[in-house]
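2 protein chains.
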Amino acid sequence: MKAIWSSTLCSLTGSLTTSVSFISPRSLSILRPAPSFLFFDHRSLPKTYSNNHHHQSRRTTTTTTSMAASFSPEEARVPPAIQMPTPPITKFKIGLCQLAVTADKERNIAHARKAVEEAAQKGAQLVLLPEIWNSPYSNDSFPVYAEDIDAGSDASPSTAMLSEVARLLKITIVGGSIPERCLDKLYNTCCVFGTDGKLKAKHRKIHLFDIDIPGKISFMESKTLTAGETPTIVDTEVGRIGIGICYDIRFQELAILYAARGAHLICYPGAFNMTTGPLHWELLQRARAADNQLYVATCSPARDAGAGYVAWGHSTLVGPFGEILATTEHEEATIISEIDYSQIELRRSNLPLAKQRRGDLYQLVDVQRLNSR
Amino acid sequence: MKAIWSSTLCSLTGSLTTSVSFISPRSLSILRPAPSFLFFDHRSLPKTYSNNHHHQSRRTTTTTTSMAASFSPEEARVPPAIQMPTPPITKFKIGLCQLAVTADKERNIAHARKAVEEAAQKGAQLVLLPEIWNSPYSNDSFPVYAEDIDAGSDASPSTAMLSEVARLLKITIVGGSIPERCLDKLYNTCCVFGTDGKLKAKHRKIHLFDIDIPGKISFMESKTLTAGETPTIVDTEVGRIGIGICYDIRFQELAILYAARGAHLICYPGAFNMTTGPLHWELLQRARAADNQLYVATCSPARDAGAGYVAWGHSTLVGPFGEILATTEHEEATIISEIDYSQIELRRSNLPLAKQRRGDLYQLVDVQRLNSR
Chain H
16 MKAIWSSTLC SLTGSLTTSV SFISPRSLSI LRPAPSFLFF DHRSLPKTYS
66 NNHHHQSRRT TTTTTSMAAS FSPEEARVPP AIQMPTPPIT KFKIGLCQLA
116 VTADKERNIA HARKAVEEAA QKGAQLVLLP EIWNSPYSND SFPVYAEDID
166 AGSDASPSTA MLSEVARLLK ITIVGGSIPE RCLDKLYNTC CVFGTDGKLK
216 AKHRKIHLFD IDIPGKISFM ESKTLTAGET PTIVDTEVGR IGIGICYDIR
266 FQELAILYAA RGAHLICYPG AFNMTTGPLH WELLQRARAA DNQLYVATCS
316 PARDAGAGYV AWGHSTLVGP FGEILATTEH EEATIISEID YSQIELRRSN
366 LPLAKQRRGD LYQLVDVQRL NSR
Chain S
16 MKAIWSSTLC SLTGSLTTSV SFISPRSLSI LRPAPSFLFF DHRSLPKTYS
66 NNHHHQSRRT TTTTTSMAAS FSPEEARVPP AIQMPTPPIT KFKIGLCQLA
116 VTADKERNIA HARKAVEEAA QKGAQLVLLP EIWNSPYSND SFPVYAEDID
166 AGSDASPSTA MLSEVARLLK ITIVGGSIPE RCLDKLYNTC CVFGTDGKLK
216 AKHRKIHLFD IDIPGKISFM ESKTLTAGET PTIVDTEVGR IGIGICYDIR
266 FQELAILYAA RGAHLICYPG AFNMTTGPLH WELLQRARAA DNQLYVATCS
316 PARDAGAGYV AWGHSTLVGP FGEILATTEH EEATIISEID YSQIELRRSN
366 LPLAKQRRGD LYQLVDVQRL NSR
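Sequence order for the protein chains is H and S. Heads up, the first sequence is in this note's numbering, so the first residue is 16 and it goes up one at a time. Heads up, the second sequence is in this note's numbering, so the first residue is 16 and it goes up one at a time.
Please keep in mind that the hints were generated in silico from the structure rather than gathered at the bench. Note that the Cβ used here is the ideal one computed from N, Cα and C, for glycine as well. There may be inaccurate statements among the hints.
[Claimed, not checked] Part of the chain H face toward chain S, derived, beta carbon under 7 angstroms:
id, residue
1, V159
2, H222
3, E268
4, L272
5, L294
6, A302
7, G337
8, N365
9, L376
10, L379
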């Protein structure tokens with residue numbers, strides 16, 4: 016274990032039980048252009064720029080065969096990638112609760128609670144729930160079922176249940192998503208609870224599901240929902256987890272960004288449909304895992320052929336080699352499967368992609384992290 | 016056709032028969048830091064920086080439901096993405112020649128010629144060959160089989176054949192790859208020939224295949240080969256084509272960069288192996304196509320179980336929805352399949368990913384294109 020993992024935690028987090036906060040209202044309020052010029056000058060620009068006076072020698076050195084030394088792979092991520100922290104636990108069980116969702120919110124909450132409890136009984140230390148598990152998935156339902164998460168338990172019975180059950184069972188819960196009301200806006204929101212029942216992070220779906228495939232499926236989340244404004248990555252008792260909700264998985268940059276922030280696992284609660292599900296759901300999960308060499312876990316509602324929106328199902332755990340470790344069909348089911356973070360380091364030593372990237376040719380900029388420096 | 020495609024070509028290319036050149040020795044020699052500061056100030060930095068004096072109003076506008084207007088998707092690519100040009104032809108046939116490769120170079124050249132001729136007879140207007148088709152795939156062979164492509168026909172019988180057959184058959188050839196000798200260096204190089212037989216572009220593998228999976232496969236291309244220094248995209252008679260060679264496909268940034276330069280198609284000659292092939296070859300091809308909503312074509316050598324390096328085979332054409340349009344097994348075979356570029360626009364209107372990206376959160380910088388401005 017010690018041989019595999021770096022013994023130093025990244026400087027971004029005070030402790031592993033603290034959410035990783037890359038940008039604060041305070042840091043936003045003091046943004047000025049000057050630091051970015053300096054940053055781009057010294058760090059993110061290719062050497063042909065930042066070491067302009069060494070231009071000729073640079074051209075010479077890039078033709079050596081030692082890629083890692085010559086092509087500045089560390090500059091392929093701006094700011095530079097954070098080394099993956101030592102996880103608090105290497106091996107543990109994850110539970111993916113693919114739930115049947117009804118129009119009865121109280122029933123949905125009780126039903127989800129039972130599924131989480133059963134998963135914990137089977138040894139799950141991390142439980143993942145589906146996208147929109149307390150409400151039908153429709154623009155008509157979102158305002159009706161939405162809860163004010165920030166206002167606390169009475170205003171948000173769904174998250175109050177998750178908090179309580181996380182504390183009682185001493186497990187981490189990535190609570191799928193529910194419609195959230197905040198002031199006059201609605202969001203599609205995922206809450207992460209720690210083993211003490213405290214809310215560790217809240218992810219509002221960044222990329223809204225606005226698609227139109229004539230004759231197949233049309234859906235416009237933006238009719239009722241507002242998009243979130245920030246990526247969400249959180250240090251938990253079971254490792255550093257990046258969160259995306261469903262359509263967020265289509266944007267490869269978000270997964271790259273989470274990997275560069277040191278994520279062990281990306282959780283995507285999601286409800287792909289009968290048109291894009293068969294072709295893309297497994298593909299996208301496996302691609303995000305293999306390209307970024309980390310774990311990906313997804314959780315969908317069970318399929319209800321009579322619903323206005325028919326979910327594809329197929330909740331899945333994918334390992335850092337892009338291999339499917341566990342999956343299910345479309346019916347209600349709970350997957351219990353093992354995550355072994357030492358596999359990440361193994362795959363990264365087999366295929367050292369991070370050392371082979373070409374920072375002289377492309378760079379992925381994590382804008383908020385850059386601005387918060 | 017005219018309704019679907021933009022009628023204006025991007026300003027980067029003088030004509031469709033000219034290779035897209037993003038960086039020249041001349042432009043490299045005049046690089047100065049100042050323009051990049053200005054560029055980052057006005058274009059690539061998030062609005063919170065570049066419009067600092069409007070900071071408060073920016074924070075307000077990002078909470079509207081209109082993602083495209085609020086979140087600067089056009090800033091997700093730096094420099095901004097180039098609109099895909101009108102292709103000279105919308106529908107055409109591509110031929111993927113999965114060739115058996117031997118230690119006899121003359122035989123390999125004659126054999127490849129025959130395969131290209133047969134593909135053209137079956138209507139292929141674009142023919143793709145495998146990675147390292149004139150030589151065994153080994154570090155011992157590369158120096159022996161390498162040719163001096165720039166020195167012309169006598170010094171490079173493999174590319175001389177491709178040039179001649181392209182001219183005689185009036186087809187475009189993406190000529191797989193061969194070991195190239197240039198001064199004291201060796202490269203893994205793909206040549207693209209136009210219908211006039213002229214060399215339109217030359218791609219030197221950017222990411223060398225250095226992997227080590229103990230007990231399964233170990234290969235270090237960097238022992239003999241030097242990595243290329245630039246992405247390669249070329250306007251041909253059959254559309255704008257980005258080139259990657261084998262391991263290049265693992266680096267998602269390269270495909271993003273080609274898509275942002277307006278590629279219709281990315282061609283990856285490649286020879287995945289028996290360890291990574293089954294798990295990753297199809298996955299990576301489909302992911303690059305679906306994420307970037309363009310065509311991906313791959314071509315492998317046929318499998319030779321007695322070779323030092325055993326190729327997985329499975330040459331494939333993937334459409335812009337990530338769908339496999341044609342594929343083969345591991346034996347020698349030629350695939351003839353149709354490409355229909357109007358499908359790109361269809362898929363992009365179904366799933367408008369380009370308009371939904373979050374330039375306020377992440378940006379993919381095309382370093383050489385940025386520097387050449």
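Violations among the numbered hints, reported as their numbers in ascending order: 1
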